[in-house]
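**Student:** Position chains B and C against the provided structure of chain A, taking the given hints into account.
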Amino acid sequence: MNMNRDQPAEGIAPSGAATVGREMHDLITELYPICRSITGDGVRKTLAILRRYIPFEIHEVPTGTKVFDWTVPKEWNIRDAYVKNSKGERVIDFLKSNLHVVSYSRPIRQKMPLAELRQHLFSLPDHPDWVPYRTSYYNDNWGFCVSHRLLESLQDGQYDVCIDSTLTDGHLTYGEYYIKGASEDEVLISCHICHPSLCNDNLSGMALVTQLASYIARISPRYSYRFLLIPGTIGSITWLARNEQQVNRIRHGLVVTCVGDGGRFTYKKSRQGNAEIDRAVIHVLKHSGSEWTAQEFFPFGYDERQYCSPGFDLPVGCLMRSPHGSFPEYHTSADNLSFVRPEHLEKSLAVYRYVIDVLEHNMTYRSLNPKCEPQLGRRGLYQAIGGDSEAAKRQLAMLWVLNLSDGRHSLLEIAERAGYDFETIKAITKTLLQHNLLEESV
Amino acid sequence: MNMNRDQPAEGIAPSGAATVGREMHDLITELYPICRSITGDGVRKTLAILRRYIPFEIHEVPTGTKVFDWTVPKEWNIRDAYVKNSKGERVIDFLKSNLHVVSYSRPIRQKMPLAELRQHLFSLPDHPDWVPYRTSYYNDNWGFCVSHRLLESLQDGQYDVCIDSTLTDGHLTYGEYYIKGASEDEVLISCHICHPSLCNDNLSGMALVTQLASYIARISPRYSYRFLLIPGTIGSITWLARNEQQVNRIRHGLVVTCVGDGGRFTYKKSRQGNAEIDRAVIHVLKHSGSEWTAQEFFPFGYDERQYCSPGFDLPVGCLMRSPHGSFPEYHTSADNLSFVRPEHLEKSLAVYRYVIDVLEHNMTYRSLNPKCEPQLGRRGLYQAIGGDSEAAKRQLAMLWVLNLSDGRHSLLEIAERAGYDFETIKAITKTLLQHNLLEESV
Amino acid sequence: MNMNRDQPAEGIAPSGAATVGREMHDLITELYPICRSITGDGVRKTLAILRRYIPFEIHEVPTGTKVFDWTVPKEWNIRDAYVKNSKGERVIDFLKSNLHVVSYSRPIRQKMPLAELRQHLFSLPDHPDWVPYRTSYYNDNWGFCVSHRLLESLQDGQYDVCIDSTLTDGHLTYGEYYIKGASEDEVLISCHICHPSLCNDNLSGMALVTQLASYIARISPRYSYRFLLIPGTIGSITWLARNEQQVNRIRHGLVVTCVGDGGRFTYKKSRQGNAEIDRAVIHVLKHSGSEWTAQEFFPFGYDERQYCSPGFDLPVGCLMRSPHGSFPEYHTSADNLSFVRPEHLEKSLAVYRYVIDVLEHNMTYRSLNPKCEPQLGRRGLYQAIGGDSEAAKRQLAMLWVLNLSDGRHSLLEIAERAGYDFETIKAITKTLLQHNLLEESV
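Chains as they are written, first to last, in numbering that gives the first Met the number 0: chain A, 0 to 441; chain B, 0 to 441; chain C, 0 to 441.
There are no misleading hints in this set.
In this list, chains with the same sequence are indistinguishable; a pair is considered to hold if it fits within one copy or across any two.
Here are the simulated DSBU-like pairs of lysine-lysine, each with C-alpha atoms no more than 35 Å apart in a straight line:
1) 179 to 370
2) 110 to 86
3) 44 to 370
4) 370 to 73
5) 429 to 179
6) 429 to 73
7) 73 to 392
8) 95 to 44
9) 65 to 179
10) 285 to 392
11) 285 to 370
12) 370 to 65
13) 392 to 65
14) 65 to 429
Just so you know, these hints were derived from the structure itself, not from any lab.
Excised from the complex, chain A in its bound form:
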């Protein structure tokens, strides 16, 4: 029935120009050098740049605040770090790449022999030119990440090790942006901002959220929207702890990450598994013209694991391209500015916008002529059926909407059952409403 199956639905066809994709990539380029972690000035600097686009509210939560089973940690900041050889040359230099320092490393200033230093060096033997990304949030430790090639080239001798970091009482910082819609029911869009110079995970997510929020701010949405720019795990736990009384307003949600690479789309379903968000995303992916796959929920990954903890069980999925952890560049220096591309970012945004479009318009209607068909001909709505023209397809879609609009089938369900893309069904519903053939079902 649906000739669009292998073609992208109109609303998400590529514009060709990739202007928006270019803008997203430019923003990623600007944010790339900043050293972010789960707390600290890197996060503040990042949010400050994003506020040029979106008026995020900035929240500062003090170190030591109890959030459910967790405690907001000390704030970590870093000015410089290096390892110098006996000649005084910086063989490892934080100023060249913030990946070189294990995130949350405690300060250190010490000379030591190579053997001792090596206990604190991390590399990737399988990818000898790449620098890994490592963290040590809740352990008192320090370390450097280096390419395996560099590691192997280090000569015996004394090394001067310096990490000029601070771990002090301070704050956990996150951004929140709320768009009031017609209803208090909310859509949650969540994105982690705690990774340093890593592009796909998750500067791509920040770029996408920025564009998506701008878009929704321009429409008058039916739902209210809440965008969270938070450090992973502790950030979502903190937000949930501070907003426990309001989470019941969340009707749908998505965690945004890894949306800039060229892999096929991957949707990880919510814990509920068949929530409206799950069906909406899968419908959009089916009609995206791109390759895609869906996964059942599992309780590890990014912040969906907190939103989907049993005490909340919110309908929040995670829509990615290549899933985090599944591509070799993940959490390495190879997740860089050339790994993410404008056209992939733009296509990802189009998919997210189509999902929003489905959520916004997925209403349920009742036919005002439920007994037998209405006579479409005298309303000018009847076209010959039989040719495989676009008109005939629209005609059949009209009959589907009229037949299934019994107050028990949403437009998304009608689209799925009839084998049409949501956009077609939405457009036809609009026509039928204009002819007083449908009413909204309450």
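**Tutor:** Coordinates of chains B and C only, in the frame set by chain A:
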């Protein structure tokens, strides 16, 4: 378990003689020349012939009667129609085939050049020898249908065009036949009678309904049966509008069309999708020894689209051989007396009769010895199980009926779960009832 | 996720020594010569031997007792039986194999010609060296079972036929063993003991039940356990009739038979089809490291057909290796001491024990930190996830248990959804309980 799977169940095995099929084909041959439309004397003549077999009640509904969103149209009749060339020869002649005139053409008597005439001529370039069937029920228009070969042979010049039709206030005519059964619950059998010289669609349907009604009139059915011989769309809408208060008696229904060709059986399910009629038809087709397929409901096609409109949502499916619209001869002069054949008509009737048999006997029982098995041996009901003899199969079927007769499984459900044909289960149930091992469940 | 899928879960890995399998085979060897039937001293002798291991209670139910639709039959005993040729040689001799006499043969002492004798001789032409096993419980008859080779070698002449049996008022004997657990809810383990010298069907069952009962007697079970050693059909009917008021305590049950051969495991589901016992057994078989298959319930077979009759509908399945009736040796002299092997018996016992383990520990818990994840790190429960080490797998399993412990998922459901074996999930649950992260859900 069931050795009959690839063989027809006994009750629908071919008789060999095809006597009934021959009678059905003879009736089609008699009805073939009559010019039917959605109103007019062609319908009346057709019903008069069918009344020789079945005492249909004839209903006449006046032009202008409101029926839901529709209005009964003017009555159309036609005496003659032709196109004469400049030599006065009839190059298109309604008297040779009623397909030549677009149904519901308004009267016209005019001379015109070929160029103007061609605006009103319809042909099938892909099948140059066939004449298409066209209608213009609710548009004020006229036209002729011709073979493409004829169309291409027409020379420039003046043509004398005549359609001696009338479009006047009159009636919509339909036939209805009610057989009172033990229960007021009804089975609806509906068949459209508005097509002119087209055999599979739907003279085959009329022939089958006539035979089926005769058969049911001879048994004492459990259900009441209502047979409708109606013009398509407007006929079912009219009937539903006039009988709105009684449709809740309809427990099962079938729309009969295209039952005379040699294609595999096709069952289009009711909108409910898993109604008893759906399960009964699919069971019978599985055990028919013929090829078959089933389709999910879709809201276009024949009168099932009205019975299955959301305000009624009746359990009415459509049982065909080749589905209308799917074979090249559909709605052309090639759907003629040689396209439908006695043996196909007879097999279709057998399938319909088996469906009726299932509906009539699909009761639910309770074992009178629900705790442990009854001792079959002392009742003479126990035969050695082990050989693959017919007796062993019957023995196992007996255990199935006893085990599943708990008031929650109908005989059809037992047949399906145990992998037997309904006939076997029905026969065994009769034996068990005779031995006081079951009681009907109320 | 689960690396154990093709390997047996730890708890049912073979011990190597097969000591228990050897014990089971020794018991079978001891029981093999006894002539059992549905009543009589053979059953008593068998139970006396089994009581060396398990203190079964012995029940004696008098001939003539009404049990539902059945009546306890006369008791059958036999001392000797033979057919002598004209030279006085025993050509058929009960003392060589009790299979030679049709079970429940009435006494006879008569001379007759071969032609008459042959009416009472049974053999297997397809397996000319095997002796079939035949019964005639509820028909007044007599007969001998012989190899086809012997049958064909018999010369014309007079034969001296003797069956020194008695059919008198007496008792039906069965054994019952009850282990009181923490709950009155019961697990039923049922095994038929009515077959003479047949090893797989069902001396293997008796050997397994003996071991299983010893095992459960050593633990302090949550459930109470009831073991039945009964004659097939009439035994389960008798037990159900006498215990009708208590069967509602039965939560799970298994019929044990054919557990000593080398075929793949076969589980025949209960009539309910998706009862906890069904899911438990299938889970265990999936993780058994052995080939296996599952069958939907059908109302013939062994005593499950009585437990699953519609008036009881108990959750009782049947766990076998090669299903009775499906292997050529079934009910012949070839089902002998070499057909069943210690290693198969031991593996079958391991599977049954794992099933019991699942039932015993299949509780439902609630996370005590349902909102967001608990911080595992500060409890020492957090290990790096990423490598495919055993530790990482346990870590992920921990997250699964915490996420799904919402009072609505049993441990078995968690294991199934997460793709782990039950044992791993059980072990992790124990750890989580020790850390006060879970509570039992009531």
